[in-house]
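Engineer: Chain residues, written in single-letter form:
There are 6 protein chains.
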Amino acid sequence: MKILVINPNTTVSMTEAIGEACVKAAQPTTEITAISPRRGPRSIEGYVEDYVAAVATLETIAENRGRYDAFVIACFGDPGLHAARELVEEPVIGIAEAAMHMSCLVAHKFSIVSVIHRIKPLLEDMVKTAGMTDRCASIRTTELAVLDIEKDYDKAQEMLIDESRRAMEEDGAEAICLGCAGMGPLDKAMQGALGIPVLDGCGCAVKMAEACFDYGIKTSKFKAFKAPEPKEYVDWPVFSGSFTQVRS
Amino acid sequence: MKILVINPNTTVSMTEAIGEACVKAAQPTTEITAISPRRGPRSIEGYVEDYVAAVATLETIAENRGRYDAFVIACFGDPGLHAARELVEEPVIGIAEAAMHMSCLVAHKFSIVSVIHRIKPLLEDMVKTAGMTDRCASIRTTELAVLDIEKDYDKAQEMLIDESRRAMEEDGAEAICLGCAGMGPLDKAMQGALGIPVLDGCGCAVKMAEACFDYGIKTSKFKAFKAPEPKEYVDWPVFSGSFTQVRS
Amino acid sequence: MKILVINPNTTVSMTEAIGEACVKAAQPTTEITAISPRRGPRSIEGYVEDYVAAVATLETIAENRGRYDAFVIACFGDPGLHAARELVEEPVIGIAEAAMHMSCLVAHKFSIVSVIHRIKPLLEDMVKTAGMTDRCASIRTTELAVLDIEKDYDKAQEMLIDESRRAMEEDGAEAICLGCAGMGPLDKAMQGALGIPVLDGCGCAVKMAEACFDYGIKTSKFKAFKAPEPKEYVDWPVFSGSFTQVRS
Amino acid sequence: MKILVINPNTTVSMTEAIGEACVKAAQPTTEITAISPRRGPRSIEGYVEDYVAAVATLETIAENRGRYDAFVIACFGDPGLHAARELVEEPVIGIAEAAMHMSCLVAHKFSIVSVIHRIKPLLEDMVKTAGMTDRCASIRTTELAVLDIEKDYDKAQEMLIDESRRAMEEDGAEAICLGCAGMGPLDKAMQGALGIPVLDGCGCAVKMAEACFDYGIKTSKFKAFKAPEPKEYVDWPVFSGSFTQVRS
Amino acid sequence: MKILVINPNTTVSMTEAIGEACVKAAQPTTEITAISPRRGPRSIEGYVEDYVAAVATLETIAENRGRYDAFVIACFGDPGLHAARELVEEPVIGIAEAAMHMSCLVAHKFSIVSVIHRIKPLLEDMVKTAGMTDRCASIRTTELAVLDIEKDYDKAQEMLIDESRRAMEEDGAEAICLGCAGMGPLDKAMQGALGIPVLDGCGCAVKMAEACFDYGIKTSKFKAFKAPEPKEYVDWPVFSGSFTQVRS
Amino acid sequence: MKILVINPNTTVSMTEAIGEACVKAAQPTTEITAISPRRGPRSIEGYVEDYVAAVATLETIAENRGRYDAFVIACFGDPGLHAARELVEEPVIGIAEAAMHMSCLVAHKFSIVSVIHRIKPLLEDMVKTAGMTDRCASIRTTELAVLDIEKDYDKAQEMLIDESRRAMEEDGAEAICLGCAGMGPLDKAMQGALGIPVLDGCGCAVKMAEACFDYGIKTSKFKAFKAPEPKEYVDWPVFSGSFTQVRS
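Order-wise, the sequence lines are chains Y, P, E, V, W and G.
Heads up, this note's numbering is the position in the first sequence plus 330, with the first residue counted as 1.
Heads up, this note's numbering is the position in the second sequence plus 330, with the first residue counted as 1.
Heads up, this note's numbering is the position in the third sequence plus 330, with the first residue counted as 1.
Heads up, this note's numbering is the position in the fourth sequence plus 330, with the first residue counted as 1.
Heads up, this note's numbering is the position in the fifth sequence plus 330, with the first residue counted as 1.
Heads up, this note's numbering is the position in the sixth sequence plus 330, with the first residue counted as 1.
Be aware that a few hints might be false.
Treat identical chains as interchangeable: a pair holds within one or across any two.
[Unchecked claim] Straight-line Cα separation of at most 25 angstroms, SDA-like style, residue types lysine to any residue; simulated pairs:
1. 561 to 473
2. 354 to 521
3. 518 to 396
4. 551 to 522
5. 518 to 548
Don't read these hints as lab results, they were simulated from the structure.
Note that the structure is predicted; figures quoted are calculated from it, not measured.
Given these sequences and hints, build the entire structure.
Structural biologist: Have a look at this one:
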């Protein structure tokens, strides 16, 4: 099968690292293509960036309709996930959702350990919308900016292990969901250090995409994720594949 | 005070009707400016349109920073509300939130009566994220498309009254929140017919914006709505006011 | 418009301070009358006092029916709020509800900072009944008795700022709802010190009453707040305006 | 042991029927005294009546402190329950709470079948405050006014059985909590007709009071139900036993 | 009445102590028989032991059908409670449920103080399934293994008092539910030391069983606890009373 | 990888059908072994059967420790799931959990369509314990007994399609989780007829087991699923592998 993994931010080195993490998790027969949108923020650490990157991601998906068997949105806020499901029939998997659902198979409660503190309310919204509140022991944040991670993986790992230990001891976390796509390369080392499952959403999303494809289910087009109504967009040409497009 | 009311869709006739509803609700000293984004969908009836219109709205707010005392997002999904609050210090009020909060002051439970059926999951997400589930008796949808409303107000009113009566009888609704900015002109006629409060979010949002302004509170910049981190955006010039901007 | 602000306790100096806070928040055309019931407890710091003051407040509202455009119940437990809504058609606004709803317009999560510790369970019940649990970061209490506040505003302010800081740091509070009507005079100074919105329910309730009046909604008389059934009261003459009254 | 059963309304014939139901449920060694407050509404079918009757009940309890081993508040809204627990150390049992907790011992889900429709929001608040939402299949109301019940028990029983059957078939009710103290005499006949447990809160409250007394627990005075702070009440002499009393 | 108290574990000394605690709480006319299953784990401190002991308890109940007026399952996880209710018509009371419901009559919030830390998730599941989450301030665990308690009651009491104090101060616990049947003998001493109600589920369950018996309710056989469908069991002879039994 | 699929009931023809469904869903390199416990009920349609089959399943897992890379519990109540996770380190996947988590990847809300009506409360408990309440549109039951399904697949399919249509129209179901392992063979035909994803938990569980294995996570042994404490079991030899075993 062919999976398009979209890193919603525009930092190419991070896209490459995400692609590698996905390839590592994929079955040999799964073909991974990892790309970034052509435009948008370098990283996603708040609501504005989440929205802009979501639309850039939707543009990317719209441009790639019909060419992949599944899509992965590789940012832990799952930006634009519901909208992306309207655009295509093939499964669209968000890495946060994937990590949370998979963690529920191996742990009673998971915690999310993520980047800078300001991201916490956004992640709280995401967990609530995903209906995962009851299984989430805590959302913990750190001093790490998204783009700091790949600059010094050792330091990032140390900070994430420290915070994960607090999640275990103080919140009862039994598994850790890594709260940023850029943390993916650290999953196995952290798992070894902590002794509990550590889940990189990128790898998890690939497994979930494969699972849906192999089992033979696609996004339900009844109700929430029905294809958009045909309608005119003013001056937003990228959606022109399926929508009437005019310039005002 | 000066309020910028943004109709996130690009249907100018609807923007005008929204502007009139806002003026009608405003204090004499409040100056209302109603605009649409320069680009985006003609109406918002699903997740893709909601996201694209949200970003168009954010662009509009970014372009108008520093020129208004408050902003109103005049679409009942409150598209981009949290992101907009990051962009400016002045209050940003969503019409859904405004109608829901105000209805809680005059009713034990409210129902939302909205447009075509596919919008229901999006509105459920919105109510849940807003933390209003406990006060919401039901979300009811109709056969009305957003742009049908202004084409035949009489027919729209009839359909909305029918659905509102069902919300009262079957769900215990004690107030009706009109689930689309385009329904605003019907509020008082429907209130007369139903005998319970009927709330147009546009009018409500103006009153809430005035209330915040008069009382002297602005958006909290601690945690959730902190201004975005300074960072580079690739090829998205409209955010250039406060962010470094590069072309890839 | 004319608003009757009822301080449910019988401490006249506090009623005067509440009246001043309300006048400060009101539009120039709004006429504020602040009164206390003729009987009842000097302050409200528990369930018994809350109930007795609620009935005293209901008596006061019953005596004043038809003479005001809105009523404000100026105690942070919102004593008798639902019952008051049965008694009159004009909006009745509780200061706790008002502060909580308004804080949701400028913050993702609010905390309540209130008086002596025993009040916490009562406030928890109130927040739950109001359906505000999801937006409430915490309820924090202090060593302050209600009547201590006005005796030493400086000390009160210092204690409240300390506790609010803990709410910000430990609970993620982005706005503070002052959990006692007597704290109203401190709102702006505390807002200045803390750097986040600080809401006095008295001022908020005035703004909400004005909003309802200006927008043209009154309490829904369908279901929860229907006028009481006509029935005999034994030996409780104050309700004689609308109910048959006998002495046993 | 000695239990004071207070019918919060002032209809003496109902008080007598409640007393008989309590005696029937009591152990031979339990002494039941059933009284009404000296003042207040003839029946309780809304928030105003609930509040006024609550205070009348508190007055009655205050006057009877030290003379009973437990108190029962015999109205299905549990008016003034939390406040009553502040006033005395002996257990105070509300009939709604008693019926709900006992029904959980014999059924997975219970429904409440009560009087006229307007009472439903008040009962919803009560169930939510009691933390019983998860076990409550539904709250169903009828055309029965409180004082109609004893006028024609046969008709009342027929109406309640019809509504209970709907609760079983449509809502999955496995036990029925009779939603008014006046329905107590019908419990066993209804149980026979429906084939599931039917619980009269009066009988249940007596059993719960006996259980607390025999097992040796009294109301916790830590936090929520701490005795009221000593303070002045203006012109409300009935609380004079433990509070300073002045006339304004 | 006759109550069969089943200690689901196979430690006879603990069964005897449970029997004594039940006799102490029972009415003089109540006849208590305390037994252990013939097989199963010596103590219950995790899910495997909970399940095995549950089935051993079901076997014990199946063997004793028709000989008792009520059954008590005397382990704080309430193992097999719902299944037991299918097997017999007489009330089956779990000690956790009993303690939680009774504590709600004397406290706004209770905490559970239990044995070794690994038990916490199991108790969280139990509280959630019982629908008691809203009234539960916290679940706290200690270093005590189940069988350590009776080896040194003084030390156990000291540890439980320490943890209960933390529950009071940090979580707002107003009553303590002892989270293990073996802690029963400590209830009154701990209540004396802590000054708040301390509930041993064994005693509470006896009181609840008596209450159901005296009031005249049995387990609802409509829906959840309907008798099992007649069906073949392979090689599990103990259920042969009411089910076809074959050996494979 | 090698997966042991345990059909907790003792109907061999059903075990075979489950095995076939699992093989159909599995990767070519996955080796499926499907077995039933040696003892226990022929089908599982209530709490007693669920508990007995759970323990029979635990015995089966205990006997097979160290010989498989993952275990699947193939009954839609997920009997003994948490206990099984204590017994082994390899992932243990319940088919209900698997279907629910996977459905969340392709639908906003799922419904469960299951066997005879009495199973509904058990499934409600299961959904609540799994923390999936927010995503579950409804649990619907039919007239189908478990063992009826394989006797007449056409009739079963017709009944399940009818009930699924009601779930779509009345409850907003966007995907259907088949609420019994025996329904697995109908998944694709039903999906074709309904036009929305239809999920057989057996197939889903295989995919989830493969996902966990490939990605490299095992059950967390921190807190909830820690291996049982070493302790004596009286007369239950099957657990002898890891526990001291005595005969009383």
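Engineer: It remains to establish, for every hint, whether it holds in the given structure.
Structural biologist: Quick rundown of the hints versus the structure:
In the homo-oligomer, the alpha carbons of residue 561 and residue 473 lie at most 25 angstroms apart only across protomers (17 angstroms), although the nearest pairing inside one protomer, at 44 angstroms, exceeds that limit. In this assembly of identical chains, residue 354 and residue 521 lie within 25 angstroms of each other by CA distance solely inside one copy; the values are 16 angstroms within and 32 angstroms between copies. Taking identical chains as interchangeable, the C-alpha atoms of residue 518 and residue 396 lie at most 25 angstroms apart only when they sit on different chains, with a minimum of 23 angstroms there against 34 angstroms within one chain. Taking the shortest Cα distances, residue 551 and residue 522 sit within 25 angstroms of each other only across copies (13 angstroms), while inside one copy they are farther apart (41 angstroms).
Only between protomers do residue 518 and residue 548 lie at most 25 angstroms apart by alpha-carbon distance; the minimum there is 12 angstroms, versus 30 angstroms within a single protomer.
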